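> Construct all of the structure, not just a fragment, from the sequences and the given hints.
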Amino acid sequence: MFKKKDIQLAFVILIIAIFALILITLTKEEGATVVITVNGKVSQTFPLNENHTMIIGDESTEYNILEIKDGFVSMTDANCPDKLCVKHNSIHFSHESIVCLPHKVVVEIQGGEESEVDMISN
Amino acid sequence: MKSKKVVLYGLLIALAFILSYIESIIPIPVPIPGIKIGLANLVVITALYLMGPKQAFVLSMIRIVLVGFTFGNLSTMLFSFAGGLLSWSLMVLARKIKGLSITGVSILGGVGHNIGQILVAMFVVNSSSLIYYLPFLIISGLVAGTVIGMVGAIITIRLKKYVKE
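Protein chains in written order, with this note's numbering: chain A, 393 to 514; chain B, -9 to 155.
If you're looking for bench data, these hints aren't it; they were derived computationally from the structure. If you're wondering where the values come from, they're calculated on a predicted model, not measured in any experiment. Honestly, I wouldn't trust all of these hints.
[To be verified] Chain B is faced by these chain A residues, among others (derived, beta-carbon under 7 angstroms): (1) Ile428; (2) Gly432; (3) Leu476; (4) His487; (5) Val498.
[Stated by the list, open to error] Listed next, with one range per pair, are the computed distances between beta-carbon atoms: (6) Glu442(A) / Pro43(B): 50 to 58 angstroms; (7) His444(A) / Ile144(B): 51 to 59 angstroms; (8) Asp462(A) / Lys88(B): 50 to 58 angstroms; (9) Val133(B) / Ser452(A): 36 to 44 angstroms.
Just so it is clear, CB atoms sit at the ideal spot from N, CA and C, and this is done for glycine as well.
Here you go:
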């Protein structure tokens, strides 16, 4: 069922994935802004360090409820069919994102030098 | 001979359809868009080894259209097409590599399926941030592909004598 080459192949794929994971972990930094993209266009941006709850979309048709709390962003509710966005863990670091594919909503955290300045001023 | 082929197609499509349904009711533990166990790939890889690349392709596409109309919509069908196409192409190429068994071919199929889905997702939402999910998708494709490949190997050995008559 297993040949030598199968195991080699599995090993190579695993190494690539782990290498990519390490690279992502090493390059991540504290997030600064929350960028909301709907239908491929940036619709709103918010600072990560301010608590905020908002509705993306329209409550009568397609909606996602987004919450920024203590520097963490999560989708608390949505009426999409798969609810993957609601099940997603809250995000905090740069490059992290919550995606709602059925509604074409992407919530992404971006880093930036401003975050440090903000923290000092706070 | 010909009616036998019709029966075989019908059986395999029905099986792939049922496996897709079973997969749709299994909750996914990790909320990452594009992650799939790919149970139906078991049928595609069996067809690839028992019948050939063309037949496996036809099976895979019929399954996607049927499942898309029954449980999904046009956009979920689009994701499945991308995943199915990339997975099938990789498996057909991998089968030509000497020393690679069904398990290895299935691993490439599983990884290819998940990569295809995330590529379409990136295109649909027009955001490159999805690329950061790729390592998780590769690992999940690797695990699922290994299991499906091992089961596929068992099935292929048992069915070979009935199909190749």
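> Confirm or reject each hint.
Against the structure, the hints:
1. Ile428: The hint is violated - Ile428(A) has no Cβ within 7 angstroms of chain B, the shortest such distance being about 11 angstroms.
2. Gly432: holds, 3 angstroms
3. Leu476: holds, 5 angstroms
4. His487: Holds, about 5 angstroms.
5. Val498: Cβ of Val498(A) sits 4 angstroms from chain B, so the hint holds.
6. Glu442(A) / Pro43(B): 50 to 58 angstroms: holds, 56 angstroms
7. His444(A) / Ile144(B): 51 to 59 angstroms: holds, 54 angstroms
8. Asp462(A) / Lys88(B): 50 to 58 angstroms: Cβ of Asp462(A) to Cβ of Lys88(B): about 56 angstroms, so the range 50 to 58 angstroms holds.
9. Val133(B) / Ser452(A): 36 to 44 angstroms: Taking Cβ atoms as reference, Val133(B) and Ser452(A) lie about 41 angstroms apart, which means the hint holds.
Checked against the numbered hints above, the structure violates only hint 1.
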